[in-house]
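Visitor: Going down the list, the protein sequences come from chains B and G.
Residue numbers for the first sequence follow our numbering, beginning at 100 and rising by one.
Residue numbers for the second sequence follow our numbering, beginning at 100 and rising by one.
I should point out that these hints are in silico values taken from the structure, not numbers from a laboratory.
Check the hints yourself; a few may be wrong.
Identical chains share a label here; the pair holds if one copy fits it or two copies do between them.
Straight-line C-alpha distance at most 35 angstroms; calculated DSBU-like pairs for lysine-lysine [as the list claims (entries may be wrong)]:
#, residue 1, residue 2
1, Lys353, Lys278
2, Lys278, Lys517
3, Lys341, Lys136
4, Lys517, Lys111
2 protein chains.
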Amino acid sequence: MQIILLSGGSGKRLWPLSNEARSKQFLPLLASPSGGKESMVQRVVRQLGEAGIDAELTVATNAAQRDIIINQLGDRVGIVAEPERRDTFPAIALSCTWLSLGKSCPADEVVVVMPCDPYTESGYFSTIARMADCVREGAAELVLMGIKPANPSTRYGYVVPEPAEAGCPWHRVSRFTEKPDAATAVRLLEEGAWWNGGVFAFRLGYLTDIVSRYVAAETFEELRGRYSELPKISFDYEVVEKAESVAVVAYEGKWKDLGTWNALCEELPEPVTGNGLLGPGARGTSIVNELSVPIFCEGIEDAIVAASPDGILVSAKKTSENIKSYVEHLVDRPMYEERRWGTYRVLDRTKGPDGVESLTKNLFLKAGCNISYQRHNFREEVWTFVSGCGSVRFEGGEKEVRAGDVVHIRRGELHGLKALTPLNLIEVQIGTRLVEEDIERLELTW
Amino acid sequence: MQIILLSGGSGKRLWPLSNEARSKQFLPLLASPSGGKESMVQRVVRQLGEAGIDAELTVATNAAQRDIIINQLGDRVGIVAEPERRDTFPAIALSCTWLSLGKSCPADEVVVVMPCDPYTESGYFSTIARMADCVREGAAELVLMGIKPANPSTRYGYVVPEPAEAGCPWHRVSRFTEKPDAATAVRLLEEGAWWNGGVFAFRLGYLTDIVSRYVAAETFEELRGRYSELPKISFDYEVVEKAESVAVVAYEGKWKDLGTWNALCEELPEPVTGNGLLGPGARGTSIVNELSVPIFCEGIEDAIVAASPDGILVSAKKTSENIKSYVEHLVDRPMYEERRWGTYRVLDRTKGPDGVESLTKNLFLKAGCNISYQRHNFREEVWTFVSGCGSVRFEGGEKEVRAGDVVHIRRGELHGLKALTPLNLIEVQIGTRLVEEDIERLELTW
């Protein structure tokens, strides 16, 4: 059995903690059973393991998320990154082609596609196991999960089931309804409709057949190279609504989308995360602070105060769903990123009257990891090492560095950095064009 | 005529913008007539000039405020810094001794002592002129200002005047009452009492006589050296309540203490100062942001959101008077300071597992200004120059620096820095003991 976790989104709704480089599913804010913190995607992968589902995991994502997925999930998962953002059908098609042509999975292997970040309980995962059984038993060519609605929401698609025989764990689908208006949603609940949970089970060959109608690729690389030929359409429109036989299996337990601060705060283990203090008149208010400066909040109830190097949000919890349109233009580059080699925070940006810009970062490298061997044509960099021990590589050779050492990298000079122990440094970039693209990477085994 | 402006306080009530190094009177938040911003003390000095009061100004303050006063008021004022913090009587005694022995003002010169930060209008300054006239005309040995109370506040001392003859611009004082309880305050208002505005006029010799009873100094330096012999007592207790003849002149116009966010926000020219955005559901809310990261506020009404390198405050305006006790322990060092040579912001502090600390600052030096020639015994510093042009002095000589240059100052190495043009640099300090006191300054004319 193969599970494809769909990981996308830029998550502006959880601004300022989520950004282009760190979508909501990667925020390490939930309590983990070990007493630490875990992200939504780490929670789902942990729950899949605890449910005893014997499946291999593949994350369908984009290139920007590759590093953070490796950081958070390690080598427990495969990663299939789409070459450009299209829609859910092409993304799932690419991952299925990888399973079929890259991983040589047989055409009759059961595949489950699911979101990577639902906040649920163990019954959700046993429902997934039942869906896989339905596919194996031939109940339908496509099996999907129906979520018992908590309210007549207009944010979800609905599935109307047909009555099932007693004891049968699945229902045929009578019809689908996309996001309805409020009145329709109430009628759908009266009819016994369920939310479409975005979880689908099918045999691998079922989907690769559909893909081959658009692109008959011989290898995974070929399909990836012709990715733009796949239609930009959702899996629901392209596959679910065209399927000849669809079954639905119901899940009636807890199911939440922690995609807004209001929803997320309900699941935070403590009212204050990070450096912060709530006064006695701040009942129901949550602080999530990723900055080092302290936050003090008093006299404001039922609010969220969230701070990161990207910005500071102060919002009533009940209005926090609507922040997306306002914050879209507040930040033009991510100020915090998780990379394969570690993390960095932007501390400061300046632009002098002579057009020279500076960008100051605090970088943490994990032991054994390295920043690629590279050069910049428009900037210099000054590294001041603060703790740990590392090795700097130049064209002329290598040099060991530790706390107190300073390395000045000139324009055009090849350089690389490897952490021998956990390594912390302050990097000051200075130049006339400080853009991420000013980088030439050399392939180099180190 | 001489005016002594009393400048003290650490201003925790306007945290996080005010700190040990920048009291509330120096916050550049008020609208100035030129269209820019000015601080409370700059406003008072401007208003004194506009009122046509022909007086020389001396600021009585402490050493920590000397640099910011020079920055904000330039050479228009004298500065007398007390060698240690005592109380208002010793501070005024020190300044009067400076006027008498340092500046050789005659004993019959009229002196007005006043706070440096009341938010008032032009009538306040014409009242000061009338008070000086009263002293000149011999109405009393001490003349003070009575403020018409806006409400029966328990935060101020009260002055109960005797009835005056028709046409007489001053009243004899019947009695003083220190900060009363609420019921007493109501009765005081019924009696026609005024707030004691903390403005006093007298002849210089009147005060130097009192001082000489404690310390009979021959020079200003001698009194300054024996400052600890002056009693730690307020001017009200030591002088006002013991005076044989006291007159009071009334001021009935606008008079506000902008010492809380609630009061200050009413006088801010715009609801957003700095990088911030208010949503449509944030009526009555003010943002004051000295950080570079953006603040977005929505769904919270009548609140103050204030951010600086020292911290972030989110408070209902009505509870903002009470923040002092909570924030006292949130910050252990000022993260923003104005100095004689310019300003700095602390960007980051880290402490490695090996005990090595780092402190990253962004410094702006004004053209022509210099950081003193100094050395550190427990830290190294790395300067990366971002814009402008300066001169670095070492034991071996001088070196010109500009954008892109890097200077690494070792432990124990003498160094100085002068700005030839406005100069911006990133400084990374690294060492085992990063404290302000780790500095040896050499006197050096440069």
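Visitor: Now, for every hint given, state plainly whether the structure supports it.
Guide: Going down the list of hints, with the structure as the test:
1. Taking identical chains as interchangeable, the C-alpha atoms of Lys353 and Lys278 lie at most 35 angstroms apart only when both belong to the same chain, with a minimum of 21 angstroms there against 59 angstroms between chains.
2. Taking CA atoms no more than 35 angstroms apart as the test, Lys278 paired with Lys517 passes in neither setting, with 50 angstroms inside one copy and 65 angstroms between copies.
3. Within a single copy, Lys341 and Lys136 get their C-alpha atoms no closer than 41 angstroms, and across copies no closer than 65 angstroms, so neither meets the 35 angstroms cut-off.
4. In this assembly of identical chains, the alpha carbons of Lys517 and Lys111 lie at most 35 angstroms apart only when taken from the same copy (33 angstroms versus 45 angstroms across copies).
When the structure is compared with the earlier hints, violations turn up for hints 2, 3 and for no others.
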